[in-house]
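Chemist: As a plain string of letters, each chain reads:
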Amino acid sequence: MPNKDARVVKKFGVFSQYILPTSLVLVIIISLTFTWLIWTNPAHFNKNANENTTSAGPAQLSARALTDIYSPSQIIHTDGNQNQKLLFDQKINVINEVIKDMKVWHFDKVKPIKKVTAKEYGETLNQEDAVILNYPDSIAGGLLNDIFNQQLTINGNVEFNRILVPLGEQLDKIYLLNDANFAIYEIDINAGNTNAIMQTIKQVKTAIPVAEQLYHQHVLLNYPNEISLKQYSYLQNKQSQHLFLNALFNNGSNGNFKTRKTTAATSYEEGNNRRVSFDNKTGAVDYQSFSGTKGGTSLNNALRQGFNDLLSIGVPLDNTRYFETNNANDSFVYRTYVEGFPIFNQTRYGTVRLSYENPGTEHAMFSQYSLQVPLPNNQAAVKLESSPEVIQKLATVGVGVSKIEDMQIGYEWQTDPSSDMVVNLRPVWYIEISNKWKRLDQWVQKD
Amino acid sequence: MDFKRIQWIFLLIFVAIDVFLGLQWYQGIQFDTVDTVGSTSVLKEMQGDDISFKRPSDKVGEGFYIAGQDGPEFTAHMENLRGLSTSYNSSTRTLTAQLGDKKRFKLNFDNPQRTLDHFIRGSQNVLHGDEYVFSEELSQMDKHEIVYVQVVPSGKVYDSSGEVHFKLDDDGYVSGYTQTYVSQPKILREKTPTISEEKALTWLYQYNQIPNNTTVLWTKLAYTKLLDVNNTTVYVPTWFFGLRTNNSDNVRIKRINAFTGTIVKDTPQKVNIVNELQEKEVIK
Chain A
1 MPNKDARVVK
11 KFGVFSQYIL
21 PTSLVLVIII
31 SLTFTWLIWT
41 NPAHFNKNAN
51 ENTTSAGPAQ
61 LSARALTDIY
71 SPSQIIHTDG
81 NQNQKLLFDQ
91 KINVINEVIK
101 DMKVWHFDKV
111 KPIKKVTAKE
121 YGETLNQEDA
131 VILNYPDSIA
141 GGLLNDIFNQ
151 QLTINGNVEF
161 NRILVPLGEQ
171 LDKIYLLNDA
181 NFAIYEIDIN
191 AGNTNAIMQT
201 IKQVKTAIPV
211 AEQLYHQHVL
221 LNYPNEISLK
231 QYSYLQNKQS
241 QHLFLNALFN
251 NGSNGNFKTR
261 KTTAATSYEE
271 GNNRRVSFDN
281 KTGAVDYQSF
291 SGTKGGTSLN
301 NALRQGFNDL
311 LSIGVPLDNT
321 RYFETNNAND
331 SFVYRTYVEG
341 FPIFNQTRYG
351 TVRLSYENPG
361 TEHAMFSQYS
371 LQVPLPNNQA
381 AVKLESSPEV
391 IQKLATVGVG
401 VSKIEDMQIG
411 YEWQTDPSSD
421 MVVNLRPVWY
431 IEISNKWKRL
441 DQWVQKD
Chain B
1 MDFKRIQWIF
11 LLIFVAIDVF
21 LGLQWYQGIQ
31 FDTVDTVGST
41 SVLKEMQGDD
51 ISFKRPSDKV
61 GEGFYIAGQD
71 GPEFTAHMEN
81 LRGLSTSYNS
91 STRTLTAQLG
101 DKKRFKLNFD
111 NPQRTLDHFI
121 RGSQNVLHGD
131 EYVFSEELSQ
141 MDKHEIVYVQ
151 VVPSGKVYDS
161 SGEVHFKLDD
171 DGYVSGYTQT
181 YVSQPKILRE
191 KTPTISEEKA
201 LTWLYQYNQI
211 PNNTTVLWTK
221 LAYTKLLDVN
231 NTTVYVPTWF
241 FGLRTNNSDN
251 VRIKRINAFT
261 GTIVKDTPQK
271 VNIVNELQEK
281 EVIK
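Protein chains in written order, with full-length UniProt numbering: chain A, 1 to 447; chain B, 1 to 284.
Because the hints were derived from the structure by calculation, they are not lab data.
Using 27 Å as the maximum straight-line C-alpha spacing, the simulated BS3-like pairs for lysine-lysine come out as follows: (1) 220(B) x 100(A); (2) 270(B) x 281(A); (3) 230(A) x 91(A); (4) 91(A) x 191(B); (5) 191(B) x 85(A); (6) 191(B) x 383(A); (7) 238(A) x 254(B); (8) 270(B) x 230(A); (9) 191(B) x 103(A); (10) 238(A) x 265(B); (11) 202(A) x 191(B); (12) 186(B) x 91(A); (13) 270(B) x 238(A); (14) 156(B) x 91(A).
Quick look at which bits of chain B chain A covers, simulated, 3 or more residues with Cβ under 8 Å: (15) 12 to 22; (16) 230 to 244; (17) 252 to 261.
We treat Cβ as the ideally placed atom computed from N, Cα and C, and that holds for glycine.
Turn these sequences into a full structure, and let the hints steer you where they fit.
Modeler: Have a look at this one:
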């Protein structure tokens, strides 16, 4: 018996001699695998990120998404006779509908078309039977994937401000166009047809005749006839300084900032890193941060960073769109849109201007005032000159068409003289000359 | 022998670690399928607080600002009504109608709309009755009331300014109704995206508006009064949540502005800019 026992022990010894170390190695490997899985699983990082926002309160959350801010601002339809019409409908968000129709397509490959002359560019822009989605200024190709739900590999240097969709029988290509350098890119389309877009266009009630016209080195959207547009009124909202301080100074957690008050302005400084000043009269806010690690390397990254900064400032982003960038791609203007047209004069720059001119710095300019709720009003429509008349008028004061960088119909923000709660929006021509937007009458008056 | 014991201890410890890590990992992937980053963990947090709800949709909707008048204009043709005694309260802007004895009728509680749909469409019974539809959610609020809501362009009004409340007596007979009406509802501005049901629900929770131990009975996107200006009221698309705490029978309604994501207050903002707007019109 003892012999037998000893044999069992001995057998077991042999057994455990190999099994125990092996299983030990096994469980260690399993634990390492799990550790790796957990570390690489993005859900865990999101969880952490979200816990931060939860503690910061819902103010950090936004009702608007990246794709709302970087949505095209105009849609133009070219018919079989090359007549172009600007589409708008109060009951259908035409641009959103067309984007929805395109999301089901599969974007396959993007490649540049070589050596496009200005003339060819103009011809492409006016090609018959097409829909053009316009941006007011170039955006990064990388945003295309966000807007249309695609997984297209796009070179970082691709920029565009128009998307052209031919509405011919067979859909196999769409085009990205960039006015800034007359670049055209073609994208192969799989499994797509234009029936849904045609349906959407058919329902649209308002179609204003326009023409995309090439003047020397730039393209202007021409309104051949005078047009009349409604005026609007809004209830104005003034966000408190406290609210912005909370958002900008990391929740004001240490409350450790210097305050300086004069009759003209109130400014707050947090160490040497952040400074914000409020204009007591106009409600204009100027915020500077020197602590960032942001290296706005590409336009794509800069625009994404811009969206995050818009959120963290805490201004309402309803109907706010990306409007323009400067030549260096380090300063960005966002404007609020009403019924398809941008609003000017909210501040000197737009709704928000973000600059990242020096690495690691952020400079934001915006306003405490924003549009809150539309008010019914019975004010008469305003008639605006046709584009040829505008160009003519500018010519009489010595501004040739080649000097006009851009011209747009916009709504001018006017605080109601009798009530500081009401903002009136009046349609008027805005002209950009040497990087400055001014009303037509301001340019004409000048000389 | 000692070394072997150490090996055993290590084995046990690592098995325990594996189980723990496995659980962590499993919880991590559980909500991985949903793309909205923030909301998922908030929803998990809500489940942890014993708040029960149906999985909310993360689709964004679209809606308008709508303006209308909720004054007495709709009562202009009161003479069309038959067999009712009516009175109009101009401060609450409510028409109250008592049904004459002959006109009273019994309701089937399980299916009140079958009888009432017919009744409300009769022009001798209810003014503009064909513009109202039955609301199951609001009718659950009070045993003695069946609620119909007004239909406006692209939605329904879930607001006391556009509803018909039928009063029921204890025997289930309809004894009368109160009516409010939004005249000439019209679209104020272009179609604008609204926030998703998921966002609205999680934000409501983050505003501390959903107590622990609560059931979210129903969710609805409808119009609510935002602002009184002039004689006009402005309506905004709103997410409605019917909440019931598990230890009571009361259903409470919470509202989130579907454009801005803020809480809609119980009393709408009143703005007095009437004079200015009118003056301007005179000048122009």
